[in-house]
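Enquirer: Chain residues, written in single-letter form:
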Amino acid sequence: MYELLANLALGFGVVFQFTFFDLGPISIPIPMNVIYCLIGALVGTLIGVLPGVGSVATIAMLLPITFGLPPTGALIMLAGIYYGAQYGGSTTAILVNIPGEATSVVTTLDGHQMARQGRAGPALAIAAVGSFIAGCIATILVAALGAPLTAIALKFGPAEYFSLMVLGLIFAVVLAKGSLIKAIGMILAGLLMSMVGSDLESGVGRMTFQLPEFADGISFVVVAMGVFGFAEIVRNLEASPESREILHAKITGLMPTRADLKAAAPAVARGTVIGSIIGILPGAGAVIASFAAYTLEKRVSKHPEKFGRGAIEGVAGPESANNAAAQTSFIPLLTLGIPPNAVMALMVGAMTIHGIVPGPQVMTKQPDLFWGMIASMWVGNLMLVVINLPLVGLWVTLLRVPYRLLYPSILVFCCIGIFSINNSPFDVVMAASFGLVGYWLIKHDFEPAPMLLGFVLGPLMEENLRRSMLIARGDVSVFFTRPISGGLLALAGILLVLAALPMIRKKREVLVETS
Amino acid sequence: MSEGTRPAGRQRKRLTTGHHTLDLWAAGSPIALSAFAFITAWPFDTFSGIGIFLRVLAFALALMGIVILGLRVHVPNHRDYYGGLALIGLALLAFWAGADLAGMRGFSFGAGTAPRLFATGLAIVAALITVSGLVTKGEPIGGYAVRGPAFVTLSILAFAFLIRGFTFQFGETLVRVPAFGLIIASFVTFVISAVASKETRWIESLIMAAALTAFCVLVFVYLLGLPFQLWPRF
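Residue numbers (the working numbering), protein chains in the order written: chain A, 1 to 515; chain B, 1 to 234.
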């Protein structure tokens, strides 16, 4: 307990570090990291609010703005961007009935109904406050679980790491939308594509087609931007303009009534608990969390008939849950170095650009960075409430910008973003081709998220597989005979079998249909 | 669907013969893939694991194509069928591109071991997806839009080529296209991409393009200090 407080104190110390700016006779102390967090949350919301731009695309697009910063500041800003993007998604869900991303799909059900009844203000306010409360509790949870999990992680050998990644990928398969086998196919395709580039041990170029541009492999941002950014634009252009209709009703009164608060409070509490637990699981944690929270709220409610007609619990529960899950999904990344979903995969990319290799050693070697980031999560959530409640009007105006002007702007931003990472026009060309790949995937009902996860985990998996096979002198049974590794693989197997069972398969399909 | 879409390409070459239909695309695709699989199998020893695997895959694909052609099998789920075939193609491409890589040496992995492992897995799973396309019902693929994807892609490519300039060989002469810089690249990208939507109104878009270009220059060059070249350099 004492240790936890000391660590959190260290974190907040880092976040609230003052930099002194000399202005002639006086010097002004400025908490730069708080400013970074503020800017991150602000631009994250700004981009996240745009319809059809999910949090992956938002983070990818905004990566370049963190390049000039010191590593700690850059990560704090990225975390801010992430929360901003998440919140921006909820805002569009409530106001326009377009979920910014999968996590806010359920928010549209009751949130948009509330907006239609002229109660957009309270809906947005409850979403923000619920997210903030969930964020506070999840931050403490991350801090509390960080140290013990890291201790376990340090005992892991390559075999355990490999099995853990298999488990993570299986989670991603089970929780992905649609067909199981297609999700597995996507993961393998991602793993295969990640093999392009120089071999780490021998330095031989692999599957590079003798192109020097492929020597470093395909950049993660390029793939993410292509299949999530560009493909999404193409798909939106195909959709009818009516489906992008924007709410023109005026937003009056932001404050929820006393009755609203009373109804929402227990929903927030339940959502936080569900979200925190599910978020730790690898795979599409935050999505499932919000669905689970909504289902639970509907089940415990005395008036289930109100759901879908503007019940405030239907906004408060899922919004708290997805924010708590968004937070706790940092746990596997920070302690084990394994990204549990596409957004975290992007964070890995960002960390590597800043020279940080995520994993258990970050906490021991760079404690200020580790705890600073955890503290910044809380600050980021606070920023969201502070910025977003007064700025709701501004976001609404932004939503009224027609898509015909919006998408070329997004496109130009994406191009500049990709180009500036390596100053490489080839990356931009690659992203364009992945955009077409993404469009093809949409047309054939393939989910791009598992592919992206496979793409990120590929090199890590290969390295650990190689090392464990070398240590075990080529004996494959090592993965099953070592207890932790065997347990993880058994769990993965059970999960896969369960998901394939007809009964549960039906439930999965129902879940997919509602989304 | 917008006007830019056209009916699914798969339906073009279908000759109706009684109840069954002759689907040349559905039969031709696995046969073409089978030929590719034979080519990829060439560098691998006939009796090595991968050699056998690739040859079996090639024969299976050829057989499937012939059966679809001969019995006039109707493919009920196009999304899975063609999706699976494309993934088989990706796996084969990986085998082909990585044929020169070293395999296992004793207990240690060579550079080619992991890629081949993943490619084998992908080929097997993709084959299952293809089969599921033959035995399950599914929605048709739907039309591919042409205008949207074409102009969006074109605009991104325009950015890539304008920002840095490029050189290419045209017959004997080396043609050099100069770097046009951020301002022209952003503006042109915006304008080309605007063609992708039929809702675009031109005066409004041109004003927006100019404003956005100015904004990008301000943010990326002046505020963030990223090293962009602004104007054309010859």
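Quick caveat, the hints were computed from the structure, so don't treat them as lab data. One or more of the hints may lead you astray.
[Said to hold, decoys possible] To give an idea of the chain A side of the interface with chain B (calculated C-beta under 10 Å), a few residues:
| no. | residue |
| --- | --- |
| 1 | 68 |
| 2 | 179 |
| 3 | 187 |
| 4 | 403 |
| 5 | 458 |
| 6 | 481 |
[Said to hold, decoys possible] Each pair of labels, with its calculated beta carbon distance range:
| no. | chain 1 | residue 1 | chain 2 | residue 2 | range |
| --- | --- | --- | --- | --- | --- |
| 7 | A | 483 | B | 93 | 38 to 44 Å |
| 8 | B | 70 | A | 212 | 46 to 52 Å |
| 9 | B | 171 | A | 213 | 21 to 27 Å |
| 10 | A | 30 | B | 214 | 27 to 33 Å |
| 11 | A | 433 | B | 142 | 18 to 24 Å |
| 12 | A | 476 | B | 178 | 53 to 59 Å |
| 13 | A | 402 | B | 224 | 26 to 32 Å |
No residue lacks a Cβ here, since even glycine has one placed at the ideal position from N, Cα and C.
Enquirer: Now, for every hint given, state plainly whether the structure supports it.
Expert: Verification of the hints:
no.	hint	verdict
1	68	holds (6 Å)
2	179	holds (8 Å)
3	187	holds (9 Å)
4	403	holds (7 Å)
5	458	holds (8 Å)
6	481	violated (17 Å)
7	483(A) to 93(B): 38 to 44 Å	holds (40 Å)
8	70(B) to 212(A): 46 to 52 Å	holds (47 Å)
9	171(B) to 213(A): 21 to 27 Å	holds (25 Å)
10	30(A) to 214(B): 27 to 33 Å	holds (28 Å)
11	433(A) to 142(B): 18 to 24 Å	holds (22 Å)
12	476(A) to 178(B): 53 to 59 Å	holds (57 Å)
13	402(A) to 224(B): 26 to 32 Å	holds (28 Å)
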